[in-house]
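Chains as they are written, first to last, in this note's numbering: chain A, 10 to 355; chain B, 10 to 355; chain C, 10 to 355; chain D, 10 to 355.
Hints were generated in silico from the structure; no laboratory data involved.
Treat the hints with care, as some may be off.
Same chains, same label: a pair holds when it works inside one copy or across any pair of copies.
[Unchecked claim] Derived pair list, reagent style EDC-like, types lysine to aspartate or glutamate, alpha-carbon separation capped at 20 Å: (1) Lys121 / Asp309; (2) Lys49 / Glu287; (3) Lys34 / Glu344; (4) Lys34 / Glu346; (5) Lys274 / Glu174; (6) Lys49 / Glu286; (7) Lys149 / Glu344; (8) Lys277 / Asp52.
Just so we're clear, the structure is a prediction, and the values are computed from it rather than from any experiment.
Number of protein chains: 4
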Amino acid sequence: MIKVGIIGATGYAGQELVRLLMGHKDVTIKYYSSKSYVGKRYDEVYPNMLNIVGDICVEDNLVDMAKEVDVIFTATPHAYISSLINEDILSNAKVIDLSADFRLNNQAVFEKWYNIKHESFQFVEEAVYGLSEIYRDDIKNARLIANPGCYPTCSILSLYPLLKEGLVDKDSIIIDAKSGVSGAGRSVSLNTIYCEVNESMKAYGISTHRHAPEIEEQLSMACGNDIAINFTPHLVPMNRGIYTTAYANLLSNYSYDEVKEIYNKYYKNENFIRILEEGVYPETKWVEASNYMDINFKIDNRTNRIIVVSAIDNLVKGAAGQAVQNMNIMFGLKENEGLNIVPIFP
Amino acid sequence: MIKVGIIGATGYAGQELVRLLMGHKDVTIKYYSSKSYVGKRYDEVYPNMLNIVGDICVEDNLVDMAKEVDVIFTATPHAYISSLINEDILSNAKVIDLSADFRLNNQAVFEKWYNIKHESFQFVEEAVYGLSEIYRDDIKNARLIANPGCYPTCSILSLYPLLKEGLVDKDSIIIDAKSGVSGAGRSVSLNTIYCEVNESMKAYGISTHRHAPEIEEQLSMACGNDIAINFTPHLVPMNRGIYTTAYANLLSNYSYDEVKEIYNKYYKNENFIRILEEGVYPETKWVEASNYMDINFKIDNRTNRIIVVSAIDNLVKGAAGQAVQNMNIMFGLKENEGLNIVPIFP
Amino acid sequence: MIKVGIIGATGYAGQELVRLLMGHKDVTIKYYSSKSYVGKRYDEVYPNMLNIVGDICVEDNLVDMAKEVDVIFTATPHAYISSLINEDILSNAKVIDLSADFRLNNQAVFEKWYNIKHESFQFVEEAVYGLSEIYRDDIKNARLIANPGCYPTCSILSLYPLLKEGLVDKDSIIIDAKSGVSGAGRSVSLNTIYCEVNESMKAYGISTHRHAPEIEEQLSMACGNDIAINFTPHLVPMNRGIYTTAYANLLSNYSYDEVKEIYNKYYKNENFIRILEEGVYPETKWVEASNYMDINFKIDNRTNRIIVVSAIDNLVKGAAGQAVQNMNIMFGLKENEGLNIVPIFP
Amino acid sequence: MIKVGIIGATGYAGQELVRLLMGHKDVTIKYYSSKSYVGKRYDEVYPNMLNIVGDICVEDNLVDMAKEVDVIFTATPHAYISSLINEDILSNAKVIDLSADFRLNNQAVFEKWYNIKHESFQFVEEAVYGLSEIYRDDIKNARLIANPGCYPTCSILSLYPLLKEGLVDKDSIIIDAKSGVSGAGRSVSLNTIYCEVNESMKAYGISTHRHAPEIEEQLSMACGNDIAINFTPHLVPMNRGIYTTAYANLLSNYSYDEVKEIYNKYYKNENFIRILEEGVYPETKWVEASNYMDINFKIDNRTNRIIVVSAIDNLVKGAAGQAVQNMNIMFGLKENEGLNIVPIFP
């Protein structure tokens with residue numbers, strides 16, 4: 010059994026990790042750590058867990074925990090894990106970090122967008138960006154995984170084949186993204202109370218959202234050039250789900266089938282990416298609670314643009330599910346172990 | 010492997026059966042039958058099932074199907090299965106009927122409330138009411154299960170111990186019930202379109218809902234007397250969930266702990282019934298997508314009434330989950346096989 | 010023009026008052042006072058008010074405000090206005106208090122349920138309970154109005170005619186109530202963030218909610234005897250709306266028409282109470298944003314109980330709308346001035 | 010009093026017209042016509058209208074109705090009014106058509122996108138496109154108004170100043186649009202039942218939606234060149250609201266203030282367009298139930314693109330409200346008569 014510790018187990022991503030790992034036959038969770046609920050039973054914090062997880066939430070102690078578990082998942086605010094990580098920890102346990110601390114390869118970019126000094130940038134070099142479908146080989150041997158953000162997962166996987174294969178103008182990329190409310194976490198603020206969100210939608214962080222540089226860096230690596238994109242997130246009144254609508258100018262006239270072949274080349278054998286039939290577009294509900302990403306595209310011959318639409322569950326493929334997928338890769342398990350989840354409908 | 014056929018596989022309850030059985034290690038589904046989608050791939054009808062169920066929906070033929078499978082689940086409109094069932098079918102395969110056809114022991118009551126002649130009442134005698142926690146022993150050897158309705162499951166389990174033990178006035182029972190919209194099924198009507206339901210709630214079928222006689226019959230058997238209750242269902246703007254708030258006059262002064270002991274006597278060892286701590290009341294979200302029923306109660310000393318509140322997922326414990334639980338009992342499997350589902354939150 | 014000051018203008022009830030008074034031709038709002046947003050423009054706090062209300066929120070000073078306005082609406086937490094009110098204020102301006110401070114005639118009951126000493130109980134005697142349909146004559150000459158709670162408005166109006174006319178057993182009353190989330194106000198807490206409320210429902214405060222004694226006191230006055238009821242509030246995932254389902258044992262066999270006549274006697278000429286046709290039950294959406302209460306009932310001959318169902322918009326008839334209705338009565342205006350609002354659908 | 014007839018009074022747009030006109034002091038509605046509900050009382054079709062509109066729904070007879078009213082609103086499926094309109098009707102009454110029949114100036118474009126022959130294209134020349142802010146002068150004297158679609162209203166007003174003033178590359182325009190579910194009307198289909206829409210979102214009609222040519226035609230007229238855009242509508246789980254996020258490449262480096270000046274030039278004095286403060290972006294809730302459009306923009310210097318975000322209520326500014334605004338203009342009334350509605354929040 011793989012022994013697991015979770016730092017930040019009482020946030021929504023942490024709780025989703027618990028849900029998924031409860032169904033994983035090779036895993037046992039040893040520690041549930043929390044900032045806000047130390048000393049409380051986990052099922053008091055999340056009553057859905059009654060009779061399932063009765064453990065007491067503990068303070069986090071990364072150093073000690075590393076000695077007793079095989080892998081630590083950290084689902085914490087940014088700048089927290091990077092202030093604690095060290096060689097000692099990583100020599101004892103693998104770390105899969107769901108925060109943003111090790112995602113950006115460029116320190117200046119990190120410090121500008123996050124407006125904070127990075128305290129352990131040396132570990133960024135070693136960290137592997139945990140987009141499983143793209144970095145699978147590196148993930149296998151990694152000690153430290155930078156688990157991608159929810160928006161970046163959906164955005165990068167949407168466009169990666171197009172940029173890698175040079176089908177689109179790298180300067181033409183616009184990503185219009187929509188998210189359910191659980192993306193904001195379980196923290197309490199006026200912006201997330203029910204009546205302010207329900208029956209409404211809005212854009213926010215236009216061109217200033219921190220997931221933009223993450224997407225840009227990965228897409229730049231895909232095409233071999235630095236690129237700048239437009240990224241506009243929107244808040245949608247639903248619990249779960251990310252939907253991205255990505256636009257790019259095609260560099261030539263391509264048919265649907267030609268582009269489909271490119272997507273097939275990259276994703277056909279992927280367990281968790283489902284390319285829909287022509288004319289069928291994703292709906293977030295179709296992937297709910299699962300690790301799937303559904304994807305399809307439309308070519309508009311009049312403008313010679315391609316529109317790529319994709320959907321994930323932000324808490325699964327956009328966070329906890331991908332973290333488990335990465336763990337499976339790191340420990341040589343079947344990649345979909347514990348992740349064979351039928352999306353819940355309705 | 011237990012071979013399964015599903016009649017009515019393309020309704021919401023049918024689809025939930027598919028979801029659950031996909032995660033059941035001892036089961037293989039042989040037939041997906043449907044009235045409306047014959048010839049269509051199942052994942053075209055339910056795109057969440059892409060890459061999971063690619064089978065073609067077939068017409069239902071109960072007689073032939075019975076020869077090739079071990080158990081048939083029927084999730085059909087009322088009066089349909091009762092018009093088809095016969096000895097031949099039941100001698101070949103077990104039948105778990107999710108419709109109302111075999112739930113009521115009294116033919117006159119059935120025909121009055123359903124306003125239709127019952128065409129095979131002889132099978133009602135043999136049928137076992139599939140409320141697993143109460144009729145477990147009979148279910149083991151049954152050929153035909155009348156799987157309870159969603160409201161009755163939650164209502165009966167809420168009050169059964171109180172009536173069985175004679176704690177409450179049998180003539181004082183009021184059940185105020187609330188349901189998510191999936192209870193109305195996937196059929197299309199003005200009453201269930203989004204804008205008519207969203208941001209609204211209403212009572213319906215006050216004292217005329219067909220689940221009332223089902224609850225009354227079962228509670229009458231519990232207390233040994235014919236009783237009449239008030240049952241008021243309400244529609245609530247959410248996909249899933251049944252919530253029942255049941256009121257009864259206590260026949261004596263009981264403390265919380267005394268009543269708790271009674272509930273413990275009946276439910277303490279039940280896998281799927283979770284009695285909450287004093288002062289903590291169920292929320293439908295805490296059982297979502299799972300087979301749990303959460304229950305608690307409050308004694309009001311001023312009025313000497315007990316208020317029992319319970320929550321289930323109408324599609325799971327209120328339909329498909331309980332059907333699988335019954336199948337497990339009938340085939341000698343672990344009762345929670347395939348049903349160890351962590352409720353999804355949020 | 011009637012000059013108005015609002016204390017607590019930045020809560021949901023306060024904002025609803027502003028919305029309604031903006032459409033009232035005889036009123037001008039002089040002061041928007043707030044605890045949390047002093048110095049901010051009102052339309053920054055509520056951007057829906059852009060170009061409509063650009064005033065700056067001020068600190069509340071009841072004494073000074075009373076000298077400059079004709080009526081003060083107070084939409085504040087309980088125990089606040091009762092700690093400030095005095096003869097001086099009331100001699101200068103009328104006060105319509107939307108909090109609970111002056112609603113209960115029995116000081117001991119108030120102090121027990123609110124767990125706080127009442128600091129100015131002498132004013133309770135003078136205060137008129139502002140249920141417009143019942144206390145209209147007293148309201149005309151009142152200086153101080155105790156505007157009813159949202160649940161009590163819907164509950165009392167539901168049952169008042171039955172108790173006043175002695176049709177039901179006073180000891181048999183059960184009120185099962187449901188509320189949208191705006192009833193919890195604009196304060197921020199884990200219980201009201203979107204993901205905790207959405208797609209879920211729950212009972213809360215069973216037999217302990219503070220609106221219970223308010224309902225009991227008024228219904229006791231209606232029937233001339235002290236009564237105790239069961240009151241169970243539930244939270245429903247929608248912004249607005251109160252729905253009450255009230256149960257009582259009929260003292261005799263009454264037909265629908267006989268009882269309808271009783272309701273007609275009390276409500277037929279009421280502007281804001283709509284008695285629906287037999288068999289049609291209220292939906293909260295049908296009264297949204299309006300001051301209407303929709304009501305109907307069902308007699309169950311089998312149990313000889315009556316079930317009365319009613320719906321209001323908690324922020325309008327349950328708070329701000331009724332406050333304006335009371336103001337209209339106090340100032341001799343048409344009772345529906347500014348309240349002729351077509352319910353918004355969908 | 011202006012006498013009004015409504016054809017299609019029982020759809021959502023028709024009902025919204027009724028709501029608005031009930032609050033319009035210069036209007037009286039003479040006819041409520043309907044296809045599906047002839048002979049029914051209007052408040053049976055829309056119970057929110059109880060005690061407000063008790064008229065009986067009648068069959069539509071455009072010719073006769075025109076003789077008895079001053080203006081006819083038609084809220085009907087496309088190709089219906091264009092098959093009935095004639096000189097006789099227009100010489101007797103003004104017609105404000107909320108369908109698509111007279112919106113497109115190019116017959117071939119109409120017939121291609123709507124896949125039907127236009128039966129009275131001669132009237133298109135006379136019809137005025139009823140985007141009040143842009144065609145106000147023409148509307149004054151029009152007999153026939155082509156009331157704009159919901160998406161086009163929000164999209165065109167978002168970009169009109171930029172194209173008119175030549176600030177953006179006409180070939181770079183992308184409009185990512187989101188709509189609440191009432192945009193689909195009150196018709197019944199699997200796609201709009203509650204459980205299929207709730208807790209989900211999706212793109213649909215990518216590059217094939219019929220509002221695209223309407224937007225293109227108007228923006229082409231604004232910039233004096235034929236342009237093709239990308240238009241992607243999405244369905245969002247809420248009753249009301251349109252949100253458009255429009256992207257365009259700026260032709261030069263402009264500051265926020267420079268562009269703001271352009272928007273001010275066009276919209277500063279507009280009653281119903283609210284330009285928000287820098288950094289504040291629209292939310293659909295802030296305009297709910299009102300005729301406002303809220304708008305703001307962001308300039309991304311890194312990509313030199315402008316992102317314009319706007320919100321309207323699809324049933325008001327996107328349909329019935331704009332129709333009333335046009336009526337006010339046509340009849341020489343104050344443009345905001347009957348439309349001074351405070352947006353409802355929450």
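*Check each numbered hint from earlier against the structure, then list the numbers of those it violates in ascending order.*
Violated: none.
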